[in-house]
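The primary structure of each chain is shown beneath.
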Amino acid sequence: MSASDLNATSLFWKQVRKNVANWTTVRRIMSVVLFLLAWTILVQFIGQFHQIPSPTAVFAALFQLDLGVIFTEIFRSFLRVMVGFLIGLLIGLPLGIAIGYSRIANYLLFPAVEMVRPIPPIAWIPLTVLFFIEIESQIVFLTFYGAFFPIVYNTMGGISEVDIRLPRAAMSFGLTKIGMLWKVILPAAMPQIFTGMKVAIGITWLMVVAAEMIASKGGLGYWVWYHHTVMEYPMVILGMGIIGLCGALCSVGIDVIGNHFMKWRNIF
Amino acid sequence: MKIQTNTMAGDLQNESDFVFKRPLFWATIFNLKTVLKTVSVLSLFVIWALLVHFKVYRFVLIPSPAEVLESGIEWMKSKDFWLDASLSSLRVFGGFTTACLIAIPIGLMIGWNKIFSDLTFPTLEILRPIPGIAYIPLAILFFPWEEASVAFICFVGAFFPILLNTITGVKLIDRDYFRAARCLGSSPRQIFWHIVIPGALPSISTGAALGMGIAWMASVAGEMISGRWGLGYRIWESYTLIRYPLIVDGMIVIGLLGLGSSAFIRFIAMRVIPWRKSITESLDQSITK
Numbered sequence: 237m238s239a240s241d242l243n244a245t246s247l248f249w250k251q252v253r254k255n256v257a258n259w260t261t262v263r264r265i266m267s268v269v270l271f272l273l274a275w276t277i278l279v280q281f282i283g284q285f286h287q288i289p290s291p292t293a294v295f296a297a298l299f300q301l302d303l304g305v306i307f308t309e310i311f312r313s314f315l316r317v318m319v320g321f322l323i324g325l326l327i328g329l330p331l332g333i334a335i336g337y338s339r340i341a342n343y344l345l346f347p348a349v350e351m352v353r354p355i356p357p358i359a360w361i362p363l364t365v366l367f368f369i370e371i372e373s374q375i376v377f378l379t380f381y382g383a384f385f386p387i388v389y390n391t392m393g394g395i396s397e398v399d400i401r402l403p404r405a406a407m408s409f410g411l412t413k414i415g416m417l418w419k420v421i422l423p424a425a426m427p428q429i430f431t432g433m434k435v436a437i438g439i440t441w442l443m444v445v446a447a448e449m450i451a452s453k454g455g456l457g458y459w460v461w462y463h464h465t466v467m468e469y470p471m472v473i474l475g476m477g478i479i480g481l482c483g484a485l486c487s488v489g490i491d492v493i494g495n496h497f498m499k500w501r502n503i504f
Numbered sequence: 046m047k048i049q050t051n052t053m054a055g056d057l058q059n060e061s062d063f064v065f066k067r068p069l070f071w072a073t074i075f076n077l078k079t080v081l082k083t084v085s086v087l088s089l090f091v092i093w094a095l096l097v098h099f100k101v102y103r104f105v106l107i108p109s110p111a112e113v114l115e116s117g118i119e120w121m122k123s124k125d126f127w128l129d130a131s132l133s134s135l136r137v138f139g140g141f142t143t144a145c146l147i148a149i150p151i152g153l154m155i156g157w158n159k160i161f162s163d164l165t166f167p168t169l170e171i172l173r174p175i176p177g178i179a180y181i182p183l184a185i186l187f188f189p190w191e192e193a194s195v196a197f198i199c200f201v202g203a204f205f206p207i208l209l210n211t212i213t214g215v216k217l218i219d220r221d222y223f224r225a226a227r228c229l230g231s232s233p234r235q236i237f238w239h240i241v242i243p244g245a246l247p248s249i250s251t252g253a254a255l256g257m258g259i260a261w262m263a264s265v266a267g268e269m270i271s272g273r274w275g276l277g278y279r280i281w282e283s284y285t286l287i288r289y290p291l292i293v294d295g296m297i298v299i300g301l302l303g304l305g306s307s308a309f310i311r312f313i314a315m316r317v318i319p320w321r322k323s324i325t326e327s328l329d330q331s332i333t334k
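Listed in order, the protein sequences are those of chains A and B. Residue numbers for the first sequence follow this note's numbering, so the first one is 237 and each next one is one higher. Residue numbers for the second sequence follow this note's numbering, so the first one is 46 and each next one is one higher.
There may be inaccurate statements among the hints.
Claimed, not checked - Label pairs and their calculated CB-CB ranges:
(1) B:W238 with A:F311: 49 to 55 Å
(2) B:W190 with A:L272: 25 to 31 Å
(3) A:R404 with B:E112: 50 to 56 Å
(4) B:V101 with A:A424: 39 to 45 Å
(5) B:I74 with A:W500: 35 to 41 Å
(6) B:V91 with A:L298: 52 to 58 Å
(7) B:V101 with A:A293: 50 to 56 Å
(8) B:W127 with A:I369: 35 to 41 Å
(9) A:F497 with B:T213: 21 to 27 Å
(10) B:H239 with A:L272: 21 to 27 Å
(11) B:L217 with A:A257: 26 to 32 Å
(12) A:I277 with B:G230: 38 to 44 Å
(13) B:W190 with A:A424: 50 to 56 Å
(14) A:A341 with B:L135: 39 to 45 Å
Stated by the list, open to error - Computed list of lysine-lysine pairs in DSS-like fashion (alpha-carbon distance at most 30 Å, straight line):
(15) B:K159 with A:K434
(16) A:K499 with A:K413
(17) B:K216 with A:K499
(18) B:K78 with A:K419
(19) A:K413 with B:K82
(20) B:K124 with A:K434
(21) B:K159 with A:K250
What the hints assert, rightly or not - Interface residues of chain B toward chain A, partial, derived using beta-carbon atoms under 7 Å:
(22) R103
(23) V105
(24) P167
(25) G230
It should be emphasised that the hints constitute simulated quantities derived from the structure, not laboratory data. We put the beta carbon where it would ideally sit given N, CA and C, even for glycine.
Build out the structure end to end from the sequences listed, making use of the hints.
Here it is in structure tokens:
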């Protein structure tokens, strides 16, 4: 081993010590450990918490998990979320662009959208069940509805908040209105559009869980509800964790796609 | 050397430029903007009525606007309505205020103190992606009292938007304020009360408005699954009892109450943070400018 090699390794370990093995990491790990400890103590010693399963019970339930079943449920929920989200994107994005970009479209469409918006998506469940025959299309409609408004509002807001100097400069260089939309307005509004998509995917997961709990036709929400009815509470907590993980993965996925589309953001 | 100023002073030499011409009264009402906006709102109802009237696809089952109005008036006259509305509001406000009381101090501390942030934030970040509705089975199990379980779900829904916005609010405060305060010899406590809290308030109010919306949504879900009174329960019961117009009435009342409570938050925010009007103004004003 040469001296430069040795130097490189020691440098590597120095970097590790500086960036990974420091007090911040210790504290962050401590945070989770303390949380688990507090949970255990509460369950063990405080009366009201006796019904809640302890972390060890949840951990033990992890090994009783039927992987085939759980992956089918995850896949089902995921498919519903994705279909609803994509339909929401297909309808919401053009609508948001139209409302944000054209004043006439704003006057014509925005008041109607604004009237429907305050009704929370979950309140649509009974009407949806009435209107759609198939349970799949009911759930997909609800996920779509949950994704729709955040996408429309953030697209609209992103476009209306574009720095006015950008379109002016583009106009003086002779860009057409359509070209301006593609080359100037949309890229400038992109960060907020992706924020909207992130909010939307969160609400979509919430909607899918609520709809599946009520519809009882498979999916993670139903899985959690089923284990609630047969009183297997460790599985309920596990299911909550899996739902959270799926939601977090989806939002990370949108971040990754966003970074791909907005490469200029990484320069700064 | 002559200093060139870039003001409009030259344009304003003429006295008549200052005269503000008030538009005619009729022109303020019958301009393109108002007409189109009215058309927009009316067309929503007209399309709804037409779809129901001509029984397009499954619209046979959907109640028409007239039916909705009729049953709505009847509902308003009964005692049920006031009980439902007030109970739902109480649950939402209970959960929401608890969320504010816990999330705002924690958020301020996380934003302000690095060690506290390291000790708490990772756990909260793990819990955050779990939607409030997934807590329903646990809430039913834990709280023997139904009111508390619905309020708890509202609390979970409102907690994270308020927390995250409080943290961002503190993080976005200009560093120079802290430096200036330290130069002038203020204690950490003074910095906390006079810089951290006022600086984070605009962002906290945004988070509170968001959290309020999610709390209403969570309350509807909670009541649908485990309620005996309340608007969410009323909607679900009307579905099972085949009183379909009442479903739409319930939806409208929930929407109105949600709007009212976010207006209430905006009103409070305007009182507390008079120096940041732009935050408290709603989004539509920035869009129609």
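Hint check:
For B:W238 paired with A:F311, a C-beta distance near 52 Å keeps the hint of 49 to 55 Å intact. Checked against the hint of 25 to 31 Å, the pair B:W190 and A:L272 passes, with Cβ atoms roughly 28 Å apart. Judged by the Cβ atoms, the range 50 to 56 Å given for A:R404 and B:E112 holds: they are separated by roughly 52 Å. The hint said 39 to 45 Å for the Cβ distance between B:V101 and A:A424, and at roughly 40 Å that hint holds.
Range check, B:I74 to A:W500: about 46 Å between beta-carbon atoms, so the 35 to 41 Å window is missed. Between B:V91 and A:L298 the beta carbon distance is about 56 Å. The supplied range of 52 to 58 Å therefore holds. Between B:V101 and A:A293, the C-beta spacing of about 53 Å keeps the proposed range 50 to 56 Å intact. At about 36 Å, the CB distance of B:W127 to A:I369 agrees with the hint of 35 to 41 Å.
A hinted range of 21 to 27 Å holds for the C-beta pair A:F497 and B:T213, which are about 23 Å apart. The given range of 21 to 27 Å is broken by B:H239 and A:L272, whose C-beta atoms sit roughly 38 Å from each other. Distance hint for B:L217 and A:A257: a CB-CB separation of about 31 Å, consistent with the stated range 26 to 32 Å. Between A:I277 and B:G230 the C-beta distance comes to about 43 Å, which sits within the given range of 38 to 44 Å.
At roughly 51 Å, the beta-carbon separation of B:W190 and A:A424 lies within the given 50 to 56 Å, and the hint holds. For the pair A:A341 and B:L135, the supplied restraint of 39 to 45 Å holds, since their beta-carbon distance comes to about 41 Å. A threshold of 30 Å between alpha carbons decides the hint, and for B:K159 with A:K434 the separation of about 27 Å falls inside it, so the pair holds. For a cut-off of 30 Å, the pair hint linking A:K499 to A:K413 stands: about 24 Å separates their Cα positions.
This hinted pair checks out: B:K216 and A:K499 have alpha carbons roughly 25 Å apart, not beyond 30 Å. Distance check on the hinted pair: B:K78 and A:K419 sit about 29 Å apart at the alpha-carbon level, within 30 Å; holds. For the hint pairing A:K413 with B:K82, the CA-to-CA distance comes to about 24 Å; that is within 30 Å, so the pair holds. Annotation: proposed proximity of B:K124 to A:K434 is violated, straight-line Cα distance about 42 Å (limit 30 Å).
For the hint pairing B:K159 with A:K250, the CA-to-CA distance comes to about 23 Å; that is within 30 Å, so the pair holds. The criterion of a C-beta within 7 Å of any C-beta in chain A is met by B:R103, whose closest approach is roughly 5 Å, and the hint holds. Checking B:V105 against chain A: minimum C-beta separation of about 10 Å lies over 7 Å; hint violated. At about 5 Å, the closest approach between the beta carbon of B:P167 and any beta carbon in chain A falls short of 7 Å, and the interface hint on this residue holds.
The interface hint given for B:G230 is broken, as the beta carbon of that residue sits about 29 Å from the closest beta carbon of chain A, more than 7 Å.
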